[in-house]
Amino acid sequence: DAGITQSPRHKVTETGTPVTLRCHQTENHRYMYWYRQDPGHGLRLIHYSYGVKDTDKGEVSDGYSVSRSKTEDFLLTLESATSSQTSVYFCAISGGGGSQETQYFGPGTRLLVL
Amino acid sequence: GNSVTQMEGPVTLSEEAFLTINCTYTATGYPSLFWYVQYPGEGLQLLLKATKADDKGSNKGFEATYRKETTSFHLEKGSVQVSDSAVYFCALSDLTGNQFYFGTGTSLTVIP
Numbered sequence: 230d231a232g233i234t235q236s237p238r239h240k241v242t243e244t245g246t247p248v249t250l251r252c253h254q255t256e257n258h259r260y261m262y263w264y265r266q267d268p269g270h271g272l273r274l275i276h277y278s279y280g281v282k283d284t285d286k287g288e289v290s291d292g293y294s295v296s297r298s299k300t301e302d303f304l305l306t307l308e309s310a311t312s313s314q315t316s317v318y319f320c321a322i323s324g325g326g327g328s329q330e331t332q333y334f335g336p337g338t339r340l341l342v343l
Numbered sequence: 507g508n509s510v511t512q513m514e515g516p517v518t519l520s521e522e523a524f525l526t527i528n529c530t531y532t533a534t535g536y537p538s539l540f541w542y543v544q545y546p547g548e549g550l551q552l553l554l555k556a557t558k559a560d561d562k563g564s565n566k567g568f569e570a571t572y573r574k575e576t577t578s579f580h581l582e583k584g585s586v587q588v589s590d591s592a593v594y595f596c597a598l599s600d601l602t603g604n605q606f607y608f609g610t611g612t613s614l615t616v617i618p
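Which chain is which? The protein sequence lines are A and B, in order. Plus 229 on top of the position in the first sequence (first one is 1) and you've got my numbering. Plus 506 on top of the position in the second sequence (first one is 1) and you've got my numbering.
Hints are not guaranteed to be accurate.
[To be verified] Over the 10 Å line for every Cβ pair with chain B, so calculated as not near, a few chain A residues:
#	residue
1	P247
2	K282
3	S323
[To be verified] Label pairs and their calculated CB-CB ranges:
#	chain 1	residue 1	chain 2	residue 2	range
4	A	T242	B	A559	44 to 50 Å
5	B	K566	A	K299	19 to 25 Å
6	A	N257	B	G567	30 to 36 Å
7	B	Q551	A	D285	41 to 47 Å
8	A	T246	B	K562	47 to 53 Å
9	A	T246	B	E521	45 to 51 Å
10	B	G584	A	S309	39 to 45 Å
Read the hints as simulated data drawn from the structure, not as lab findings. Cβ atoms here follow ideal geometry from the backbone N, Cα and C, with glycine treated the same way.
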């Protein structure tokens, strides 16, 4: 199994509060991704990173920001959480080595915004 | 653009039944194709993949063949088990290998 951890695994917060989710990898992979998973939508890309301090937006980036100050860590921040951000969040990594790359996923963080 | 369409569930089968989950894709060029499986409360795990046309990916009794002419990558298993109950996602990666596109997932329940 790829060495990917996410913290926290579960979080309950209130509307309007900031929330930061952490993804940590031990594989030294170049690419890191944040997805959210919602019923009927499958996986939707929020943001991704292609190197330290290099990030870009995904399909559903509004209301989210990310940072990557080290290869192994990719943070997802909800500046002011809303109920629509209640979801399961998955981090993923890939080596960025070309078209035959595989994406590996962390265990997920379940976030409830009240 | 790139996209993946997979059959909607839920799918319920009896143990030892034959499984097919359909997946078709739209992509520029010849992407790599994947099937991921998600067990309850867990993240997605790679089940199998194929990187070029006519390749067959296989793992744990599951198979899928990369069909360029029909732009399909259907997942099959000859005899399902209760332990195969999970959500299955079809996915593709673009030509750079940096962007991945997922279907909406198909929930499978296998009953004894």
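These are the hints, each one checked on the structure:
1. P247: Given a closest Cβ separation of 25 Å, the condition holds.
2. K282: 17 Å, holds
3. S323: 7 Å, violated
4. T242(A) - A559(B): 44 to 50 Å: Cβ of T242(A) to Cβ of A559(B): about 47 Å, so the range 44 to 50 Å holds.
5. K566(B) - K299(A): 19 to 25 Å: 35 Å, violated
6. N257(A) - G567(B): 30 to 36 Å: Holds, since N257(A) and G567(B) (Cβ atoms, about 33 Å apart) stay within the stated range.
7. Q551(B) - D285(A): 41 to 47 Å: Given about 26 Å between the Cβ atoms, the range is violated.
8. T246(A) - K562(B): 47 to 53 Å: 49 Å, holds
9. T246(A) - E521(B): 45 to 51 Å: Given range 45 to 51 Å: holds, Cβ gap about 47 Å.
10. G584(B) - S309(A): 39 to 45 Å: 51 Å, violated
Comparing the model with each numbered hint stated earlier shows that hints 3, 5, 7 and 10 do not hold.
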